[in-house]
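Engineer: Let the hints inform the model, and build the full structure from the sequences given.
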Amino acid sequence: MPMAVSPTRPQNGLTKFTNCRLLKNDALVDGDLWVSSVSGKVIDSQVSFYDELVLPDKIVDLGGRILAPGLIECQLNGAFGFNFSTLLDDMSEYGEKLQEVNRLMVQTGVTSYIPTITSQRPEMYQKTLPFLGPSGDHRKAEDGAESLGAHCEGPFLSPTKNGVHNVDVLIQAESIEDLQRCYGADNMTGSGDGKLPIKMITAAPERGRMMDLIPELTSRGIIYSIGHSEATYEEASQAVGKGATMITHLFNAMRPLHHRNPGIFGVLGKAESLPRPYFGIISDGIHLHPTTIKIAYNSHPDGFILVTDAMHLVGLADGSYPWTNGEHTCNIIKKGSKLLLEGSETIAGSSITLLECVNNFLQWTGTSIPQALGAVTSTPAAMLGLQGVKGTLDAGADADLVVLSDETVGGCHRLVLDEVWKFGQPVFRAEQSHVKSY
Amino acid sequence: MRLIIRDDEHAASMYVANYVVERIKAFQPTAEHPFVLGLPTGSSPLGVYEILASKYKAGEISFENVVTFNMDEYVGLPRDDPNSYHSFMWKHFFSHVNIHPSNVHILDGNAPNPEAECAAYEDAIKAAGGIDLFLAGIGDDGHIAFNEPGSSLASRTRVKTLAYDTILANSRFFGDDLNRVPRMALTVGVQTILEAREVVVIILGARKALALQKCIEQGVNHMWSLSSLQLHPHPMIVVDEDATLELQVKTVKYFKSIEMVAREQGFEQILPSRVRTGNVPIPETKIQKVKSTPILAPEPIASHLLRASPIDGYSSRSVSPDLVPDRMASRIPEPKLNGRLTPNPEHHMRVNAVGA
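Going line by line, the protein sequences match chains A and B. Mind the numbering: the first sequence is residues 977 to 1414 in this note's numbering, read in order. Mind the numbering: the second sequence is residues 2 to 357 in this note's numbering, read in order.
Simulated from the structure, these hints should not be mistaken for lab results. In this text, all values refer to a predicted model and were calculated from it rather than measured experimentally. Heads up, some of the hints might be wrong.
Simulated restraints on C-beta separations [unchecked claim]:
hint, chain 1, residue 1, chain 2, residue 2, range
1, B, Y165, A, G1219, 51 to 61 Å
2, A, Q1363, B, P79, 48 to 58 Å
3, B, E51, A, Q987, 24 to 34 Å
4, B, S63, A, I1262, 47 to 57 Å
5, A, K1034, B, D141, 38 to 48 Å
6, A, V1023, B, S63, 17 to 27 Å
7, A, N1001, B, D177, 21 to 31 Å
8, A, N1001, B, P102, 20 to 30 Å
9, B, S55, A, P1191, 54 to 64 Å
10, B, S55, A, K1034, 17 to 27 Å
11, A, V1023, B, M185, 39 to 49 Å
12, A, G1040, B, G267, 33 to 43 Å
13, B, E51, A, K1034, 18 to 28 Å
14, B, A207, A, Q987, 49 to 59 Å
Each residue gets a CB set at the ideal place from its N, CA and C atoms; glycine is no exception.
Structural biologist: Below, the structure written as structure tokens:
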């Protein structure tokens, strides 16, 4: 009986956060938030009070700290030593490693993410994608971070904008069957249970007949993102007109903005009466100059999404790590958050955390905390079609939360992660966190 | 009547909040014997709620064993509409304190049978043991709860049509659109409020000054329903300076001096102990049967009609003697000797004799 736990009232799994600044609609507002560990959702406290006649079991006093939706990562290649683009002899081991990554990743404040597979041979996609599909169905807090579906970054990319992707595996598609032969038909249609493993595909629209395949992809519920592309402004506009709603790491692996040929960046200019796509920005201080980030933000704030594009080395110590890219194995040198191919100056992704990206963005642009947090919560949720479910504190949304302290260092805001909650339950608490719970 | 005058809104709100906290503490409520609090909505009590919430958060007061009854609610407005009084109470008070939802009572403006809802509300108040302290505010026209001008002073919880002034005043909460303001409300009656063991009213601002003047300095009048408090044994009105603008200087000085003298004597103006500790029988309205004979002695008429809480006795008067009709002549005392026009003829005679 619940009486054993509470002498007076039965337990209802409700937690009330009080004395906090809530991230709501581009502002930090003082208020309370009620979440349920039973439904795993943010609840409408007034309705609960008058209809259910219940008071929360637990009250968490945040002492004026920030309570925000859990961060959403839209481009992550691996973490804590595990590269999502890995084939193992025993693929059940892959699932176990993935679960371990999820549990560790939630401790960085990322409560849901889009695992990314770089350009690979078809076998890689077909074997790994079944593991990488949406994983939040069980709504278990102890599972950690949740996949919202996989992101296939390649292999239908431009060989001249390959970045660190292996040129040898890049192909082009003439029909949807070509895409299915690469990714596996089941991974593109869902295997009967309605779960679609692939959430997003990055491809160069000018390659093969990709431009004409965009409507077919979007009709299946797959987000088409322009990236690793030589597309001109006109081609990029055409792709947007066909249904592209995202640009993968804007500025990187595409033609730069030229005043007579604005390239892919030009579609943010709201020309051709087209809706402007969302776009990912890597604010690690290596991929882009801070001013470039500021320009991108100001050109279309509502589409601005911060991503890490982090490699599996994020979370590991500095040093040299072997990296298998297709058939080649080379070494990546990790120094801080900087990753370079051994013996070259080629950037090999980053190893920054998403919260560090937010702090960089705050520091470089002097933007407000709610705007910066919006770029990793409400904006990616909107891009993924998950408004009202993720990235918001509105009633009915999943209770994925982060508790943040803000410090002002040298006139700049800096956010520090204190706590992470998943589906209404605490899953991480930083050691120095001064949490008062009663 | 106690009238407490404070310099500004905050000081007045603070006084009321402190008073409520002290009353609850002195009451020592338990689950079996809760403190029953009547609550208002509107702008006047906002400061009080804010201070009460901060006192709860500071650990000075617990509302665990407090039962509340709200005064009123709009008819037909969805319960969770931002302008409903359910939403108001949640936003400004209930969400900040530890009051249990099963102890909260607010009239349901969407009840299928509003009359039955009102009757059930009266029963619920009785079942809770009556209201220990009814906190109230007033409208510009002196209405208490939604008892608009002209409301019966003997009224009970019922459906009420709103006065045009009130609809106008409340339209500010509905985007200044008169058409969106509900036209009816469920409200406790004047009598329901008068049956509380104590009534505390907070009145703030110059807008309310005329209403305060009517209620304090003039007679009981259904056009200013707050004036019915003159019939209550333990009313207290707490105001800021602005609200006293229409009062006579004499009135303001009188009430200020009363408070000062009381404090100099080392006590606040407090309630009789039996009211303070609560748990007394619920006062009942007694309508005394008027005897068939005419009025024997003048008595305040209200004591027949509105005996909210029985005060121990108006002193009884001696009965006037029976009336016996008579002639005016009979009231002139009879002279001892009929026909003697000179009072003392013997004296006159003696004087005459001496002179002769």
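Engineer: Are the hints correct? Go through all of them and say.
Structural biologist: Here's how the hints hold up against the structure:
A C-beta distance of roughly 56 Å is found between Y165(B) and G1219(A), which places it inside the suggested range of 51 to 61 Å. Between Q1363(A) and P79(B) the CB atoms are about 24 Å apart, so this pair departs from the stated range of 48 to 58 Å. Distance hint for E51(B) and Q987(A): a CB-CB separation of about 31 Å, consistent with the stated range 24 to 34 Å. Checked against the hint of 47 to 57 Å, the C-beta distance between S63(B) and I1262(A) comes to roughly 56 Å, which is consistent with it.
Distance hint check for K1034(A) and D141(B): the Cβ-Cβ separation is about 44 Å, which falls inside the suggested range of 38 to 48 Å. Between V1023(A) and S63(B) the Cβ separation comes to about 25 Å, which falls inside the hinted range of 17 to 27 Å. At about 23 Å, the beta-carbon gap between N1001(A) and D177(B) stays in the expected band of 21 to 31 Å. At roughly 28 Å, the beta carbons of N1001(A) and P102(B) sit within the given window of 20 to 30 Å.
For S55(B) paired with P1191(A), a C-beta distance near 58 Å keeps the hint of 54 to 64 Å intact. Distance hint check for S55(B) and K1034(A): the Cβ-Cβ separation is about 22 Å, which falls inside the suggested range of 17 to 27 Å. For the pair V1023(A) and M185(B), the supplied restraint of 39 to 49 Å is violated, since their beta-carbon distance comes to about 24 Å. Checking the proposed 33 to 43 Å range against G1040(A) and G267(B) shows it holds: the Cβ atoms sit about 42 Å from each other.
Separation of E51(B) from K1034(A) is about 25 Å and conforms to the stated range, judged on CB atoms against 18 to 28 Å. A hinted range of 49 to 59 Å for the beta carbons of A207(B) and Q987(A) is consistent with their spacing of about 51 Å.
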